[in-house]
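Those protein sequences? They're chains R and V, same order as listed.
Taken in order, the first sequence gives residues 1 to 310; the numbers are from my numbering.
Taken in order, the second sequence gives residues 1001 to 1251; the numbers are from my numbering.
Hints were generated in silico from the structure; no laboratory data involved.
Even for Gly, the Cβ is constructed at its ideal location relative to N, Cα and C.
Where hints are given, some of them may not hold.
[Stated by the list, open to error] Partial list, derived from the structure: chain V residues whose beta carbon lies under 10 Å from chain R:
| id | residue |
| --- | --- |
| 1 | Thr1002 |
| 2 | Thr1006 |
| 3 | Glu1088 |
| 4 | Leu1090 |
| 5 | Thr1166 |
[Unchecked claim] Straight line, CA to CA, 35 Å or less: simulated DSBU-like cross-link-like pairs of lysine-lysine:
| id | chain 1 | residue 1 | chain 2 | residue 2 |
| --- | --- | --- | --- | --- |
| 6 | R | Lys110 | V | Lys1218 |
| 7 | R | Lys26 | R | Lys176 |
| 8 | R | Lys26 | R | Lys285 |
| 9 | R | Lys110 | R | Lys176 |
| 10 | R | Lys180 | R | Lys3 |
| 11 | V | Lys1083 | R | Lys3 |
| 12 | V | Lys1003 | R | Lys176 |
| 13 | V | Lys1083 | R | Lys110 |
| 14 | R | Lys266 | R | Lys206 |
| 15 | R | Lys233 | R | Lys176 |
| 16 | V | Lys1003 | R | Lys135 |
| 17 | R | Lys250 | R | Lys206 |
| 18 | V | Lys1003 | R | Lys206 |
| 19 | R | Lys135 | V | Lys1083 |
| 20 | R | Lys3 | V | Lys1003 |
| 21 | V | Lys1013 | R | Lys180 |
| 22 | R | Lys245 | R | Lys206 |
| 23 | R | Lys295 | R | Lys250 |
| 24 | V | Lys1013 | V | Lys1003 |
| 25 | V | Lys1013 | R | Lys110 |
| 26 | R | Lys176 | V | Lys1083 |
| 27 | V | Lys1013 | R | Lys135 |
| 28 | V | Lys1003 | R | Lys26 |
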Amino acid sequence: MIKVENLTKRYAGVTAIDNISFEVGKGEIVGFLGPNGAGKSTTMRILSSFMPATAGRASIAGFDVFENSLEARAHLGYMPENVPLYTEMRVTEYLIYRAKLKGVTGRRLKERIGDVKELCSLRDVENRIIGTLSKGYRQRVGLAEALVHEPDLLILDEPTIGLDPNQIRQVRELIKNLGKHHTILLSTHILPEVEMTCSRVIIINKGRIEASDTPQNLLDQLRTAGGVRLEAKTGSDNGVAELQKIAGVKDVTVEREGDWETFLLKTESKGDVREEVWRLAVDRKWAVRELSRRKATLEDVFVEITHADV
Amino acid sequence: MTKFFTLLGREVKSFFYSPIAYVVMFFFLLITGFNFYIGVSLLNRGPSEVTVIEAFFNTVLFWIAYLLIFPLITMRTFSEEFKMGTIETLMTAPIRDWQVVISKWLGCLVFYVILWVPSLLYFAVFQWTTKSEAAHAMGAYAGSYLLLLLMGMFYIAIGCFASVLTRNQIIAAVISFCAITILLFAGLLSFIVLNMTPGLRDFVAYFSAVEHMGEFSKGVIDSRPIIYYTTMTVLMLVLTHQVFQARKWKL
Ligand SMILES: Nc1ncnc2c1ncn2[C@@H]1O[C@H](COP(=O)(O)OP(=O)(O)OP(=O)(O)O)[C@@H](O)[C@H]1O
Ligand SMILES: [Mg+2]
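So here's chain V without its partners, still in its complex pose (with noise of 0.2 Å):
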């Protein structure tokens, strides 16, 4: 155990070796910022039936940012390893093949989380300057931040999944990008496909994650969604730990 949390350590802190970790923060900062600016100016217009954390989590805007970080925080995890060849270092030490897969996604995980605190401030501000609620109910935040988490935890998976197929770090972020948008957009088909039967509708809504956040944020946290993202994640983590040993085999 040790051993993996030495792993792991070292995976959170290459994230702030590297100046990448702090362009992705300064423009999520920016780009959330600016997005929950736009929530608290649509609700100025006049009395609205969405609160402020569902105006924030439930824009355009919102999933545009989202998409595009985890390609940014994903790409490198095992690319750069294959490229600089450290991964034969890495790999000759008493360690084994699943503990590294873990401590990588697991890393981007953590990192993840440390993007998401400070907008917790936005919604701590607005509750004290304007002294009306954020959210209805603190079931709200948990929905919300619970499924950011699942999400996070899934897409991640993806990320890394698509980082140990190439030695090309460009490469895993078009895959992951890719991959990502092509989920989002899936869930979009009932909005886009309008004659769809019932049966396919709720199908498709499954593994919205549009849809998955409507619901959580306004604190309707339902099991199906967790038991999906949580699945899919532990598959996505399978097939990397696959990959991972036929790579290495190969290299």
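In isolation and in its complexed conformation, chain R is listed as follows (with noise of 0.2 Å):
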């Protein structure tokens, strides 16, 4: 669906993009993320059309970006970061003016402004006049404008930002069913959300891909992120210098609180040391309180990606 190679875009003196190439294929739902000033805008507007490249080459449904632009927007839904809006409009008359923008006519588009307004729970405000919503409304607003023509492909930058809780959960399984139907492009810095609705990640970086893989992928090939939590009173003993005695436990942190001891070990991404420690406990007759696993979570993997060096 999307298809972009060796793509690079300097602003006068900054590098914003360099030499980037990646694919997204039909109906996968893809997470960009990156920190902030890594690229992600820059690079969606790009693939929005509204700006060209230094150099390199984008595509959308087979259509160039530059030169079959026209081709290309019309298979897009874009919702651009901060979502612009003519804020003097009403709710309804602005998904009505960019429904016919998009091509959108006839009873096609009553159907359509009725599904976004139902899919985006926009009922209660559709005669308001847009600059008077709340910002999560205004988000909403964006998303139901971005969807209003069923393109193929949908590129959202940060969605989510903005939203309370609810909102956030409502909008992520909108997300979750859009993409049943729809390829979805989505940046976010909300990492748990990405966990749970991408099928693929890419981790941009100083305008550079640092990873594209699958969620899962990813935290498997983490060097340091399983670990193991152990809440116990080991008395006289040394617990650090014991439970570092045990295979695979690459490191072992300790907090003390009273007589009771937190150990935090740290071991490969896969490993799991709770039956040797649970063992140690007992050899040593330690009181154990809690032993349990923590999982690596795509937040320790973006970490270790764009903090390499820390």
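Once you've looked at the hints, go ahead and assemble the two chains, each given alone in its own frame, into the complex.
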């Protein structure tokens, strides 16, 4: 659906994206991650034909975003960062305006307006002036607008920023459902969201792609992500030294709280040393009140990849 | 074409969303009304060679009011979209650049025409109450209003061009105000510089709006100003389109 080849974009002096290539297949939901200023919005703006690239090519549904920009745009629903809207228009009026611009007419227009209002829960505010809406509702108007012509591809730049937890959950569900029929590329800083919704993750840092894989594979490749947490009373034993003897444990840290000590064991991402820890505790007659495994999250992946030097 | 009319519809409606439209309309009516009153009182003083329509369109007050409306009408066309970021949603819809440029220009022109409609009423009332003719012939109406339309086309195109240059509405307004003022005053050069050669005088007259109005409001419709305003309008629109494309690539 999206094909990006050796794309580079330089602003006066700043290289925002540097020779990136990736593809997004039909039906995929791809999360586009990266720290602030990584070049996510820049890439999306190029894909939406809003800006040209300095070098390289990009196409949507087989249409070059520069040479056949009109066809490419017709296949695309794009929600820019910060969701710019005409604040003086009313919600329904705006949606109708945008739908017509995107070539939706006649009976289909009415149907689609009704559908997207339903889908994005805009019924309550359909006659309000957009400028008087809260941020979350504006966000939904932007999303409804992106969906109104049933595009094959959706590009959403931080769709859940500024939403309350309930709305985030709703939008997440919405995106998941949309993913059944649409291809979606979304950028976000909310990582649990990506883990829940995306079939693939692209991590970009300083204008370069650092990783592109399923969330699961990325987790598996982590160097130090798995961990075990043990809360125990070790008495006179040196807990840290004992625990470090267990094979597979890379690092142990400890925090004291009265008699109780909390040990955090870092292991390889797939390693699970709970059994060994339990045996040790039984051997040494430690009192245990918690023994649990901490699963690696995408956050660990993100931090490891984008802060490789730390 | 549906897309174009959708764009145009929004442009025209957008005037009525903002208070600027009503303020402009109010003051424009006020000034033209006062101007009309002056014109009528002038004629009341005694026999005069000019008709009321000539008196109306050839005063200083008329030209001042006229100069001010263009920056006010056109300043927000592009600047506001740049500033608000709505240009990004606009230009990522499957529409062509020229559709946007023409719809913005035409939207302003429609509002400008709406602005002039009430003034027709003055002359109707004049004719009805005084039972004397506001003009010698229908040609004077046709001439005056045709020239208004032609000048409107050109000056609005200048305003759109100024607006596409910047994201700041005030700067856009200042640019178009200065440009239009210079154009108008350049036309007045022949009144200021008295020792001009006849050739130069003709050349200046060729683009002098004041002189055009003098002729057209008598009902003398000359084809040269028509050609002048039309080509200049097209030129400004082409320039606007050019800058708009360049701007889109830089943003
Ligand atoms: N119009 C511009 N002119 C100059 N530099 C720009 C412009 N827009 C973006 N940049 C620069 O390009 C780089 C990438 O910006 P971009 O907006 O793509 O980041 P991002 O990944 O979307 O970040 P964020 O998570 O903060 O939204 C940044 O260094 C930014 O300063
Ligand atoms: Mg961004």
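| request: Of all the hints given earlier, name the ones this structure violates by number, lowest first. | output: 5, 6, 8, 15, 18, 21 and 22
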